[in-house]
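Engineer: Take a look at the letters that make up each chain.
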Amino acid sequence: MLISYNWLKEYVKIDINAYELADLLTAAGVIVDNVHDLNQGLAQCVVGKLLDVKKHINSDRLWICQVDVGTEVIQIVTGADNVAPGQFVPVAKVGATLPNGLKIKRSSLRGEESCGMLISLEELGYENKVMQPEEKEGIYILPDNVSEVGSELGPVLGRDDYLLELDLTPNRADCSYMTGLAYEVAALLKTEVRLPAYYCDNHLSNEVEKMVTIDIEAADLCPQYSARMFKNIKRQPAPLWMQNRLRHAGMRPISLIVDIANYVMLEHGQPLHTFDYEKIEDKHIIVRKAKAQEKIETLDRITRVLAASDLTIADPNGPIAIAGVMGGHDSEVSEHTTTMLLESASFSGPSIRRTARSLGLNSEASARFSKGIEQGRVMPALNRFAQLTKELAAGEIVPGTVSDFAASEEQAVIHFDPDHASRVAGSPITAEETIGYFERLGFSVEKSNDNLLVTIPTRRPDITSSIDLVEEVLRLRGYEKIGSTLPCVEGSGQLPLAIRNRRLVRNLLRSMGADEVVSYAFHSPEELDLLRLPENDNLRQTVKISNPLTSTQSIMRTSMLPGMLQAAKYNLNRQRNGMLIAEVGRVFLKMDDGDLPVEHEMAGILMGGLISEKNWYEQTPQQYDFYSMKGIIEAICERFHLRAEYRKVLKPYLHPGRSATVLCDQREIGYLGELHPDLVSKLGLESEIKMIFAELNLNVINELSQEDTNYREIAPYPAVARDLAIVINEEYPVGDMLNVIQKTAGELLEDIKIFDIYQGVQLQTGQKSCAFNLKYRAGDRTLKAEEVNAVHNQVIDALIKHFNAALR
Amino acid sequence: MEKKLNQIKLTALEHINSATDMEQLEELRIKFLSKKGELRQVLRGMGKMDAKLRPVIGKLANRIQQEIEEKFSSKIHELKEKQKTQRIKEETIDITLPGKRPPAGHIHPLNLIYGKMVDIFVGMGFEVKEGREVETDYYCFEALNMPKDHPARDMQDTFYISDDVVLRTHTSPMQIHTMEAKQPNEPVKIICPGRVYRRDDDATHSPMFHQIEGLVVGPGVTMADLKGTLEAFFQQMFGASTKVRLRPSYFPFTEPSAEVDITCVFCSGTGCRTCKQSGWIEVLGSGMVHPNVLRNVGYDPEQVSGFAFGMGIDRMAMLKLGINDLRLLFANDLRMIEQY
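Chains as they are written, first to last, in my numbering: chain A, 1 to 808; chain B, 1001 to 1340.
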């Protein structure tokens, strides 16, 4: 929202400069983001008059102009085609630096000297949206005799001014128009508002009433609909001062009548709409909800289908406008219009907001209606329009107004405990001080016993209760006066288990070499296709975002894998030979319709390539493999005192021979596996590597984990170690052997290490040799050799029996 | 005999002196001092000697033996020292070669700051509550005094799953859940950290980001308590000289509402490009809990009051670590992450 400092000064006496005003407003909660000095870049720019325009002899596109700039006549060569003798034009003289940064120098264009430049609106720093189509092409042509030739350009264009760029919060729509903002400024500067002149009907007879009838049918969506009539509409541009103000507020000047309507909207915050009176069937306006599938062709020549909840302005034939959003093409005021109906109305904000959204039509008017328009603005706007029409001779005012009301607007009266503001601020504020603030805001105050009765003008619909008044008091008093204390509320300050465990996992992963990544929790559906998932796979039961920014962020992840693959790909394609990354985050599992998705916190781990770069102590660094990942999972399980069991598992995206599920107490806490070669080859990596992925469900781990375990006594007796190597069929998993060894050896067995797995020339095909180191120890005595031998022999026998093993 | 003995002594000492290693020395010991050694050989002739001379010669022989032995042990010591010096010299390494590092990963900088912020609040007695990321419209908006079609809904562009289910745009829903789970008017002192989503994507907005909200409710909680709490937090976060400034603002769930600025962390308040020369940077939104919000959870605004605040963890991380593009936090470039 752009507010002209000079224009604002018409309604309230301001004795501080624009920058001071900006600070004052910001400190009161009406945030001014920026102050623009409009006069910048206009030094050496003047009003000139074209005396002579000739075609350049050496160019088809250039014109040689003799320009009277007051003090002299200078020659300017221009490429603009819209030049003609007698025109008043803006001239940048040599030495000027235009608002867009262009420096004007004496130059020669194809042999002709040029001592300045004729300038366009764009060069003056205006945006395209505030220009007429023809103004986008050539130079800007000033109205005739707008000012003396040679006078400074700034004042002529209303540029001896500052623009305050407001960033309004949604509750302060009252500051979105000049007179409303004037009340706020008056409260801050302790002064009065000066309202502009309003037209007042002198005739006793109401001619308008005889010409049109209005009926509000949708009483819940339109409390008031009022109109005035104008005859003999003049077709001419608005005076330059009005055009300037509209442009600086970001609106495009169109024609006198339309510009007056927009000017009044900026001034009073009330959007006005004009209809061609002749096009209104039966001269009967009906404010009603649309019928389902009802159609209307809007001003932009697009036929729109309305919903039954959309509010329309209709005549007996059908809708002639979408209320508050856009007018209809058929009833539009055109160059043939002689009699015009001017609408000023109050519509329900939420209804307009909904309609504007669903039709995708966001205009200055709909934005203002969406925030709600009090009835109090309706008549002043009509009368102000009439006043300006009279002053600018834009047409003939038909005496009288016509209105229909569905509700009347009451001023809110709030009971206010004068201590309330003190209690909120935590410091004493007297009743007198409080009353003073209310009076500055134009709120009237009566005393009623110990309470105050505060009457709120309708222009402040944001104030509905006592706490809203507290805010008014505190912001006018200044937030800097609020003290600094600590609340008396005590808290335990404890961290929940989920957070403690998450931190533990994070730190463990870091200590084992993982770099932590943070990916978006949404991705594109195609990334699931990459995982080779069948149609009915659980991971495809995704939560979908109905209004994603892009399709690449349209479904919530069901696995950590897609996001981590992105991260891996990004890094592996940037000259890395290997990586180990981890991420803790949530996955979202879709439930039956109506139920919220289940959110699980997962730890994803992805590794691939070289464990370390080649270095001086290790010429051939190791590659990450399945067992690197399993080691990490084991370490995490150990940290949470979980006894994990690994079983083969098939997942479409994992190598079928190199993947396992991790079970604790019969519950799956996660899985790990090498990524399927097909998946890796489709990733688009510069060089293909093996990648291993694991995913652990922290919610399940939180349920199963034990935080503290009892101390196990350290045995004071020596251990006895025995090695054993067997040759068996390669099909037998080592895990099964470990189980047999453990079961057979019983309590005396303290630890088993596997120190060699061999397959090769010294053995028959299909056989492998496994070497174990067993450590025996008793907690209460020194073991004797015979005792150990007996147990160890049993172990050997059991292995031979179970696996048809041969001792090596 | 005396002459012979002295001759042996001289020869022995001379040989020992010129020995260069332990083997030579051992040979010399056998040659001079063993049972068949030269010294003993000479002494065998003592029997034929005058009885008067024997003790004298005996004494001499003992002294010579002792002298040779001493010479031996000092030579052994000398050679051992030499060996040691030699070994140490040989074992000297290039200490400028890089070390053999155990694998060490890195915590994402965002989570470093996340943890730091949570810990400060925990230290101030706040309990930590985390909640769902997919929420109902009621908890995300309506219960927070933002009915459907409320203009303030435009302040937070929302991702919808369905008409009634959204990706939470703030962690405020946990305020409602927490108070609902308590007895009416029971005091509350919580922070709600977590991930939130808004339909926005540029250098300062990410469709996914992180927030910490705080809520304190109890009898007589004031806006000065809000300011004091935030001061305590920011002084731990950015240093003891950090100042906090409140400015009037608007949020549907707080009244009065305040935007909070702190002393610019880059220029310490003297004015720089980041703070647009103002010396202040905006860091969070806050205010006194709106009475409607308290009523929605069965609390009585006549009995208790409270304050709430919410700030972006990502923004704090950017300020704390000097990162100027929010999107960098989610790019997962390990060259950045490995700096932390």
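Where hints are given, some of them may not hold.
Below, in silico cross-link-like pairs of lysine-lysine (DSS-like), each with a Cα-Cα straight-line distance of 25 Å or less [to be verified]:
#1 K291(A) x K1129(B)
#2 K630(A) x K1100(B)
#3 K481(A) x K1075(B)
#4 K614(A) x K1100(B)
#5 K1129(B) x K590(A)
Hints were generated in silico from the structure; no laboratory data involved.
Engineer: Please flag the earlier hints that this structure goes against, numbers listed from lowest up.
Structural biologist: 1, 3
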